[in-house]
Structures are given as structure tokens and as C-alpha cells.
Amino acid sequence: MLEAAGLECVRQQRTLFSALSFSLSAGERLRIAGANGSGKTSLLRILCGLLAPSAGEVRWRGERIDFLREDYSRQIVYLGHAPAVKDDLTAAENLEIACRLAGCLFPGSILQKALAQLGVPPDVPVRKLSQGQRRRAALARLAVSGSVPLWLLDEPYAALDVHATALVDALIAEHAARGGAIVFTTHQETGAAPARVLELDA
Amino acid sequence: MLDAALCIVRRDLLLALRRRSDVATALLFFVIVASLFPLGIGAEPNLLRAIAPGVIWVAALLSSMLSLSRLFAADYADGTLEQMLLGAAPVGVVAAAKALAHWLVSGLPLALIAPVLALQYDLPAALYPVLALSLLLGTPVLSMIGAIGAALTLGVRGGGILLSLLILPLYVPVLILGAGSVDMASAGMGGEGQLLLLAALLVGACTLAPWAIAAALRISIE
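Residue numbers (my numbering), protein chains in the order written: chain A, 41 to 242; chain B, 15 to 236.
I should point out that these hints are in silico values taken from the structure, not numbers from a laboratory. Treat each hint with caution, since some may be false.
What the hints assert, rightly or not - Here are the simulated SDA-like cross-link-like pairs (lysine to any residue), alpha carbons at most 20 Å apart as the crow flies: (1) A:168 - A:128; (2) A:168 - A:127; (3) A:153 - A:203; (4) A:153 - A:163; (5) A:153 - A:204; (6) A:153 - A:165; (7) A:168 - A:201; (8) A:153 - A:214; (9) A:168 - B:93; (10) A:153 - A:206; (11) A:168 - B:30; (12) A:168 - B:34; (13) A:153 - A:210; (14) A:168 - B:32; (15) A:168 - B:91; (16) A:153 - A:164; (17) A:168 - B:33; (18) A:168 - B:31; (19) A:168 - B:29; (20) A:153 - A:188; (21) A:168 - B:88; (22) A:153 - A:139; (23) A:168 - B:92; (24) A:153 - A:186; (25) A:168 - A:132; (26) A:168 - B:28; (27) A:168 - A:200.
To be verified - To spell it out: a stretch of chain A is covered by chain B in this simulated footprint if at least three of its residues, at any positions, have a beta carbon under 8 Å from a beta carbon of chain B; those stretches are: (28) 81-94; (29) 105-115; (30) 131-138.
Glycine is no exception: its CB is placed at the ideal position from the N, C-alpha and C atoms.
Isolated chain B (complex conformation) (with noise of 0.2 Å):
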């Protein structure tokens, strides 16, 4: 069972790999979104300060989001996801690998990232460990419920938007609590507070969401 994940996670990565034009973008589109703000406001350090956790933060939502409708379509496509589904593991711990995969992929590097990019906000220093915890424990739980999505809205036609106006809502909570986090530790009350509640919603949907997906996927490959 653990050993189909691992395989699941490896090929992944393999493609990614072979295909690093797809992560690029991701992640360029991350640094440039980010980097339009201070552009556009100007140098008024206060007010960049000010806004920096929130803009870094929707931008990686909304990076993060750009390459979900690719995770399941490109293997339902194909044929592989039926041969996944079709597997010796349970469909949960293929959606949970497949959930993996695309946050290796597209939400790690975001969070490794976001310091260089809170530069150019002017962020004070000792506030970069919190914005990269804050988003090392948030894009797991995006790519968790990203993945729902994906997998219901395989195969329609114009699936793309559709699963922004599904998946964009059910962000909110995450951008809240990871945007809010750095906020708190700027103010000098720690964001401790904000990040455990990170912590309590990626331990919910890393139990929950694998059987959502699995569902989804079982219902859209009909």
C-alpha cells in the first residue's frame, strides 16, 4: 500500500521533472503577482509592510491553484487514472500520493520562496520564519482540498473556472488563519495562535480529504 503511494509520489515527480516548463510557471506566476504590488503602491514602506502577509499569501492560493486542473485530467486522459484506481491500494492513499505529488511540486517551493519575496516588502526579518511556516503548513491543506476539486470537476467542459468558483471559497479559512499568523507576529502577540489552528486544519484534511477525492474521482471516471 505505502509502496503504490510511493510510487505514485516518485512518477510524479519524475514527470514534473520531465515537464519543468509546467512548474516554472507556477512558480514564476507566484514571484510576479507578488512583485506587481510593491510596483504598482510604490515605496511607502509602511503601507507594503502593512499589506505584504495578505498579497503573499493570495498570490500563493492563487498559484497553487493554477496547476490543479492538470492533476488528475492529464492522467485521466490518458489512461492512467483508471489503472490507478484500478490498483492493489485503496483509492484514498492514491489520492492522498497524487495530493502529495502536487504540493511537492507546487506548494513547497512556494514556501521556501516567500522570504526572498517579502523583501521587497520591507517584511522585518524576524517575521520570515512565520510566513514560511504559515505557508509550509497552509499549501498542504490547498492541495488537499484543491484536489477535491479536481477530481470533480474531471472531464466538464470548462472545468477551469468551475473549479476556481468550487475551490476559491473553501480557501478562505486557510488564507485567513496563514495571512493572519504573520500579521499577530508583527504586532507582537505571536502568531502561535493562528498557526496551531494551520496545524489543526492540514491534520483534518490529510485525514478527511483522501476519502472525499477517492469519491469524487470514483464518481467523475464513470
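Just chain A, with the same shape it has in the complex (with noise of 0.2 Å):
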């Protein structure tokens, strides 16, 4: 599905790595594994098609992300540093807009259901959260998600206790189960999830 070739990433006149090549297939899971410093984030930027690389293409399905742009964000799901919710809209206003832009539209009774899953209260503004919480309320992004063929985790363990841990690690391997590919970065090795590691320290 998803296929890099040549990679090269340079950041602050500082090469991050180079000629990095791998190709994803469907149902695989990547970990992406590198200390800090080491570009995890700006690789996963760049295949998502926020970052342009240096050097080298990403291509989907044949195609070249930056040609496809707006049909390629559509199979996609990226979920960066940043928990990406507003602190004065709630868990579900946050989660449904996040749909909303994404290009689907679920009821809201499908919502909830998501956030209820990752345990989050739904009618609470975000910023009385805690850092665990809004990252779940992030996360429940990924339970309506399963359509979505391709999966893009930054940290997604960051700030999760053992029983979201635990769930995250559910929700990739019933994605990869579906056929869905997941290419995520963290520092841990993890528990439930076999993956594929690309590590980033040449």
C-alpha cells in the first residue's frame, strides 16, 4: 500500500537519516523506533504530507502523495504530538468535528460509544481533563476509524495508563486484523502489538 523510496531528512542543516527506503503492506504493523532527536516524528510527518522530504517520494498505491494531496488525506488517519483537541470544546464536539474534517459523518450515538470505550467523559469541556484523558480523547478517533485504510501514530502510548495502553493495543491489532496498516513511533517496546521495527539510529 504504502511505499518509501530514498527518504532523506534534513532538519537545521542536520541530515536526521537518508536513503531510507520500506514499502507497507496491507495488515502490517511498523513500529518506528529511534532515540530522541532521531526524526521518528519527521518521518511520520512526512508520510502523512505535512513535512516534504529532502530527497526520495512517498508513494500510495503507486501514486505520489504529493500529487494525490487531498485523495490521499482521506486514507489516512494521523495523529500527532499534539492531542489535537480544543480545551473549550468538549470530548464529543472535538471527536465529531475531527470526523467531520476527516470527510465522515457518524451520529452521535456512534460517538459516544467511542468515547465511552476509551472511557472519557463525553460533555465535559477538554480543558478540565486530565493529560491522559485528552489523549484518549484523541484516541477515540481511531475507534471510528476502521474504515480508514492506513494509520499514522505519533507516541500514541504517551501519557496512557496500563488499561489504555491495553486498549490502544487492541484497537491496532483489530485494524491490522481488518487489513489496515499502522505505522506508529514510541520509545517502549509494547506489549501486544508484533511489529515490524524500523529503527531510526544509523
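Using the supplied hints, reconstruct the complex from the two chains, each of which is provided in its own coordinate frame.
Set out below in C-alpha cells:
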């Protein structure tokens, strides 16, 4: 599905990685590992099209993602470092807006179920939630994104407790079983997710 | 595509509603700045009448700029801007929706309240519609041009000042036409010419600015 060919990333005159090539097929999980500052986030941002690589290209089903643009955006879910939730809105409002921007309309009941699954109070402004609960509110997006083929997750396990970590593992495993592909970054070894590992420190 | 745009406008209006103080600050700023001149100059009706269009327009321009630095910065900080750029709609549509929301919150109220401020300047009542109309046509252009600057200075340290330096010169044509339309109307020559030019600027801004904002956002987000 996803193919990276000869990717190079230069940030502030420092080459983070170069000649990086890999491909990802349906149902596969790829874990990007590496020390802080090794370019994990940059690689994910390149893969989702927010960042242009200094060299090389990313192809989705054979076509370059910078030509596909929105057509590619519709095929991915990207959850970045920041939780991407608005403090003044409730978790339910945040989730609904995130889904609508991604081009999916869900009835409220499905969104409520997703939030309940992640254990987030739906009608409280996110400002009043803890850091971990905010992450959960953002991750609720995954619970309704089963039909989106590619998930790109930046540190999905950050700030989560054991229970939530297991939930994310389950969501990822479920998505892979459905034939979806997942790329994620994390420092720690994950328990339930047997994933191919891409080491960025050379 | 239209759904995404509506969603963004609705979201920004909802956020403005939850943070009413931000909206009120810009509006109060406009009211206070426009009220300072009659107080400072004193009761000289002829002078006040003559400076009214220019002063009200300058105050509107500054007030509309006040909230610009927040236009994309908050969304950039919490990551929602990335999600908008990765949405199903083209980035140009997202940019247009953000600028429209900015105008609804910080431009439209100015046009509505301006006739009240004009009272302080003893502007003839016949000129109120011209003043309001010129602001109605001009403030969306300010929002569109301002959004380009806000997108360009996103994440830059000291971006607020840089934004003003970048944007204020570009506001000049709007200011000249806007204040000029009221001046012309008060001289009895009719302000239609200026208003039509303002409308042309608005059409130009609506067609071109979204793509410039989109390009600027793509650069800034890297």
C-alpha cells in the first residue's frame, strides 16, 4: 500500500536520515524506533504529507502522495504529538469536528460509544480533563476510523495508563486484522503488538 | 468540501462563543479608539465631521488586526491545524473558511456598530449606510489579506509585530477606498465608485487569498 523510496530528511542543516526505503502492505504494523531527535516524528510527518522530504518520495498504491493530496488524506488517520483537541470544546464536539473534517459523518450514538470505549466523559470541556484523558479523547478517533486504511500514530502510548495502553493495543491489533496498515512511533516495547521495527539510529 | 468549510466556520464561531472575552476585547478596542478622537479634539463639529470616515476606518483596521495573530496560532499550538490540513477538503477551502470565521467574529460587528460611533462625530445620517456598506465590503478584504500574514508569521518569534509590519501596508488601498467612499458621499458626489472598487477588491481577495493562505500554511507547518 505505502511505499517510501530513498527518503532523506534534513532539519536545521542536520541530516536525520537518508536513503530510507521501505514498503508497507495491508495488515502490517510498522514501529519506528530510535532515540530522541532521531527523526521519528519527522518521518511520520513526511509519510502523512505535512513535511516534504529533502529527497525521495512516498507513494500510496503506486502514486506519489504530493500529487494525490486530499485523495491521500482521506485514506489516512494521523495523530500527532499534540492531542489536537480544543480545550474549550467537549470531547464529543472535538471528535465530531475531527471526523467531519476528515470527511466522515457519524451519528452521535457512534461517537458517544467510541468515547465510552476509551473512557472519556463526553460532555465536559476538554480543559477540565487530565493529560491522559485528553490523549484518550484524541485516540477515540481511532475507534471510529476502522474503514480508513492507514493509521499514522505519533507516540500513541504517551501519557496513557496500563488500561488505556491495552485499549490502544487492541485497537491497533483489530485494525491490522481488518487489513489496515499502521505506522507508529514509540520508545517502549509494546506488549500485544507484534510489529516490524524500523530503527532510525544509524 | 462545503461540509468541511461549514464545520470550520461553525467550530470557530462556537469557540468564539465560549471565549466571548476575546471577541469583546477587539470590539471594545474599536469603540474606545474611535471615541478618543472626539474627546481629544473637542467640540468642533466641522473638523469632527471631516475626520470621521478616516478615523473610524483606521480604528476598524487596527481592531481587525488585533485578533489576527490568534487566527492560526491557537490551532497550530494544539495540533488541530495539522488535522485541518490533512482533512478531506483542499487547504484553500480550509483557509477561506478560517478567514470567513474571522470576519464574522471581528469584522461584521465593526460594520454594524460603526453608525453608532459616527454619532459622536455628528456625521449626517444620510452617510451612515455608506459608512456601514464600505465597512461591510472592506472588512472581509482585511480578514483575507490579514490571514495571509497570520499564516506566514505562524510560529515565528515576535510574530505579532512582524504581522503588523507585513500587513498594514497592504491594508492601505482598502483604507483609501473605504474612507474615500464616505468622503465622496459627504461631498455630494456619491461614493459609488469607491464602493464598486471595494467590491472588486473583495472579489479579488476571495478568489486569490485562500490559495495564498494555503501556500503560506503549508510552508509554516513544516
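Going through the earlier hints one by one, which of them does the structure break, listed in rising order? none
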